[in-house]
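Visitor: From first to last, the protein sequence lines are chains A and B. Going by the numbering used here, the first sequence opens with residue 7, and the numbers climb by one from there. Going by the numbering used here, the second sequence opens with residue 30, and the numbers climb by one from there.
Since the hints were derived computationally from the structure, they do not count as laboratory data. Computed from a predicted model, the values in this text were never measured in an experiment. For every residue, glycine included, the Cβ atom is placed at its ideal position computed from N, Cα and C. Accuracy of the hints is not assured; some may be wrong.
To be verified - Result set (DSSO-like, lysine-lysine): computed pairs, CA atoms no more than 27 angstroms apart in a straight line:
1) A:LYS206 / B:LYS170
2) B:LYS76 / B:LYS61
3) A:LYS165 / B:LYS124
4) A:LYS206 / B:LYS156
5) B:LYS170 / A:LYS165
6) B:LYS46 / B:LYS127
7) A:LYS165 / B:LYS156
8) A:LYS206 / B:LYS167
9) A:LYS206 / B:LYS124
10) B:LYS156 / B:LYS170
What the hints assert, rightly or not - Listed next, the stretches of chain B that the computed footprint assigns to chain A, with coverage defined by at least 3 CB atoms under 8 angstroms from CB atoms of chain A:
11) 140-150
12) 156-164
Below are the chains, spelled out letter by letter.
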Amino acid sequence: MNHLLSPLDFSTEELDELFDLADDIERNPEKYAHVCAGKKLATCFYEPSTRTRLSFETAMLNLGGSVIGFSDAASSSASKGESVADTTRVICCFADICAMRHPKEGAAFVAASNSSIPIINAGDGGHQHPTQTLTDLMTIHALKGRLGNFTVGLCGDLKFGRTVHSLIHALVRYENVTFKFISPEELRVPDYIIEMLREKEIPYEEVISLESCIPELDLLYMTRVQRERFFNEEDYVRLKDFYILDKAKMNLAKQDCLVLHPLPRVNEISVEVDDDERAVYFKQVQYGVYVRMALILKLLELA
Amino acid sequence: MLNVGKIEEGLVLDHIKAGKSMEIYRYLQLDKLDCTVAIIKNARSNKMEKKDIIKVECDIDTLNLDILGYIDHNITVNVIQKGEIVEKKALHLPKEIKNVIHCHNPRCITSIEQELPHIFVLADAAKEVYRCKYCEEKYSKKASRDK
Ligand SMILES: [Zn+2]
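Next comes chain A alone, as it looks inside the complex (with noise of 0.2 angstroms):
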């Protein structure tokens, strides 16, 4: 049985598939608009996150399937004790393919290690959350048009964000990618991070200023600093203004440099900005519908 657990579970070239189908997807969408016909996608969600769950769903109707679940704990038998396992157990009957977002790490594994039908994670805890590496990296294949040979700043709260730990991982399997890490001190990206890049050479450089960093970007992957990461609201209110793009230095940046963000933002993009066709953060969110679209589609052996 296939499953989506982690963003590595798929080699460079299982990708590289899974891109095309969803440019195909992206090109034909009628082509594909009944091939789940009959199939249904359960959305196990047992603490809300409506965006991801609406791009599942959205995902699985545009290719004519329907779709059941529910959308935090306290509707879902887990309130009354049920273990992840026999939830998933009793899903199997009911749905082909299941999307499961849990707040506690590993969940998702639990689920596919009891389960016959795939099993994608859509975010368990802090842990692994590939849908969105998936999204991040189809943005950037489809409207840059490669994969590597680029300069990738990544921007904010480099320390406890999931999203950019993972999209690291996954960028460091491309060629020739240079990193830029610019964060404030306090949020710096995690040692064993650092430790990887070093082993395996690649280039990379922490940096503080924005200004100073953002010519010689290809992409700018903007993160939002969490009010729930810190023990104290000063610090909170100090850092979360740290990095504001605006026009201003977006009028630094090259004029192919992309701006990327996982939304939902609160001010670290100034609205001045949307209007700017290199900030693409809201058409990644049709690309993420697209790559959904085309994981149900190989997971199912549909494609």
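Let chain A serve as the given structure and place chain B with the ligand on it in line with the hints.
Guide: Chain B with the ligand only, in chain A's frame:
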């Protein structure tokens, strides 16, 4: 040297770090075996000054020696048959260990689902690092030994 009666068939675990024998007794669940077990503490050793020894008179396949490799791969395992040492077994770090160490990551699924087995997978043999099969939380043998 003190000699606790020779065994006919079984295992002699030699070169156990002094003081560690009771821990190994528990890990191997020797308390559950209905056979002769001798524990020798603080025996004199040329190799390590002081050591512990465990002698178990049992069918040689009864014990799961994988776990010994995890506890301390410097232990020498002598297999005894008809009163003679017939084999010295080399110990390796097991690829996977189940229900021996527990994941202490409060965000791990095992923290809320008690019936799940605690499984750790060998991630780096040279550094003796294991990772929780669920949340990948690191468990370093070396670090825990230095504590
Ligand atoms: Zn764990």
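Visitor: Hint by hint, note whether the structure agrees.
Guide: A quick look at each hint next to the structure:
1. Simply put, LYS206 of chain A and LYS170 of chain B have alpha-carbon atoms about 25 angstroms apart, close enough for the 27 angstroms limit, and the pair holds.
2. Distance check on the hinted pair: LYS76 of chain B and LYS61 of chain B sit about 31 angstroms apart at the alpha-carbon level, beyond 27 angstroms; violated.
3. Using a Cα cut-off of 27 angstroms, the hinted pair LYS165 of chain A and LYS124 of chain B is violated, with the two alpha carbons roughly 31 angstroms apart.
4. With a C-alpha separation of about 18 angstroms, the suggested pairing of LYS206 of chain A with LYS156 of chain B holds against the 27 angstroms cut-off.
5. Restraint check for LYS170 of chain B and LYS165 of chain A: the C-alpha separation of about 26 angstroms stays at or below 27 angstroms, so the hint holds.
6. At most 27 angstroms may separate the alpha-carbon atoms for a hinted pair to count; LYS46 of chain B and LYS127 of chain B meet this at roughly 23 angstroms.
7. Using a Cα cut-off of 27 angstroms, the hinted pair LYS165 of chain A and LYS156 of chain B holds, with the two alpha carbons roughly 24 angstroms apart.
8. About 21 angstroms separates the Cα atoms of LYS206 of chain A and LYS167 of chain B, which keeps this hinted pair within 27 angstroms; it holds.
9. A threshold of 27 angstroms between alpha carbons decides the hint, and for LYS206 of chain A with LYS124 of chain B the separation of about 25 angstroms falls inside it, so the pair holds.
10. For a cut-off of 27 angstroms, the pair hint linking LYS156 of chain B to LYS170 of chain B stands: about 8 angstroms separates their Cα positions.
11. Counting residues of the segment 140-150 of chain B whose beta-carbon sits less than 8 angstroms from any beta-carbon of chain A gives 5, enough to reach three: the coverage restraint holds.
12. Counting residues of the segment 156-164 of chain B whose C-beta sits closer than 8 angstroms to any C-beta of chain A gives 4, which meets the bar of three, so the coverage hint holds.
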